[in-house]
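Peer 1: Single-letter residue listing:
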Amino acid sequence: MVLHVMLGELVSLNMSNGVGEGGRSQSREKRKLFSMQWLRFAKSVEVTMYKEPALDTLIGIAVQYIYSIGKTAQLYASIAGIAEGISLDIVQALEGLGSGSGILVTYCCLADVVKDIIRYSGEAEEMPFVYARPCFYEVGAEPPDEHIPVSRNQIV
Amino acid sequence: MNQGQQSGEAKHEDDAALTEFLASLMDYTPTIPDDLVEHYLAKSGFQCPDVRLIRLVAVATQKFVADVASDALQHCKARPAPVVKDKKQQKDKRLVLTMEDLSKALREYGVNVKHPEYFADSPSTGMDPATRDE
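Chains E and V are the protein sequences, given in the same order. Numbering of the first sequence is given in full-length UniProt numbering, commencing with residue 1 and proceeding in unit increments. Numbering of the second sequence is given in full-length UniProt numbering, commencing with residue 1 and proceeding in unit increments.
Treat the hints with caution; some may be incorrect.
Quick list of in silico lysine-lysine cross-link-like pairs, BS3-like style, CA-CA up to 25 Å [as the list claims (entries may be wrong)]:
1. V:K63 x E:K71
2. V:K63 x V:K114
3. V:K77 x E:K71
To give an idea of the interface, some chain E residues facing chain V are shown, with a C-beta separation under 10 Å as derived from the structure [to be verified]:
4. A54
5. S68
6. I79
7. S87
8. I118
Hints listed in this document are in silico derivations from the structure and should not be mistaken for laboratory results. Heads up, the beta-carbon is just placed ideally off N, CA and C, and yes, glycines get one too.
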């Protein structure tokens with residue numbers, strides 16, 4: 001299936017996150033916060049305990065899923081000749097990842113995947129991220145490059 | 001002609017439903033933070049300043065993981081219960097997310113995850129040297 005092929009290709013990319021030590025530590029921090037939140041999420045689906053490799057795998061799969069959506073949506077945006085993606089690109093990417101062939105032939109109606117997402121958002125319990133996400137200023141660290149803002153106030 | 005009009009109307013309704021859903025995402029906070037999704041989307045090359053689309057991806061990912069976790073849960077429940085000698089163990093039945101159930105669930109989505117086998121040179125490999133029997 002397309003999902004298997006794309007995720008298989010991107011596993012090695014995920015293993016080498018970031019550029020240099022600063023980028024790798026930032027990605028590790030993001031994954032750590034990700035795993036803490038997923039512990040809360042796992043309990044919502046009746047899973048009371050977990051094996052750490054299984055949780056790490058699940059988090060990795062989630063990250064690769066986001067990466068695959070972005071990659072596919074960017075492909076559709078490039079085909080359309082636009083720089084910034086639109087909602088249609090995301091929908092086509094979701095439909096393509098969900099189908100067996102991985103090819104979206106026509107867009108005649110709202111994709112079943114999107115309908116499922118709409119239904120899921122209405123039924124699932126809202127569980128926002130409750131843990132504080134530190135920035136470089138709060139942890140007393142220097143950003144690796146000048147273009148990276150130190151504090152949230154500098155983010156435009 | 002009628003079929004074309006009907007398909008056009010259906011498409012218009014679907015577009016309206018999608019627009020309405022995207023607007024409702026501003027009031028719905030997904031589990032995955034927006035900046036985390038934005039980070040990985042940017043790494044993939046997809047530039048999008050619209051927060052609604054980022055949240056759409058976040059909700060889609062959340063649903064995907066929920067489906068995988070639920071399928072893994074079903075595999076865990078479907079496994080025959082082991083023979084329990086202690087009554088305490090029988091009462092304390094916990095559902096554990098393991099690689100075995102997770103790999104079975106992911107296989108249905110086309111993701112092949114296999115835990116590598118562990119091979120040791122000798123029975124004492126990996127043991128604390130102080131506890132090894134020489």
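Peer 1: Could you run down the list of hints and mark each one as holding or not?
Peer 2: Going through the hints against the structure:
1. V:K63 x E:K71: 19 Å, holds
2. V:K63 x V:K114: 23 Å, holds
3. V:K77 x E:K71: Distance ~36 Å between K77 of chain V and K71 of chain E Cα, so the pair is violated.
4. A54: Holds: closest Cβ of chain V sits about 5 Å from A54 of chain E, inside 10 Å.
5. S68: The hint holds - S68 of chain E has a Cβ within 10 Å of chain V, the shortest such distance being about 8 Å.
6. I79: Since chain V brings no Cβ nearer than about 13 Å to I79 of chain E, farther than 10 Å, the hint is violated.
7. S87: Hint holds; S87 of chain E Cβ to chain V Cβ min 6 Å, cut 10 Å.
8. I118: 5 Å, holds
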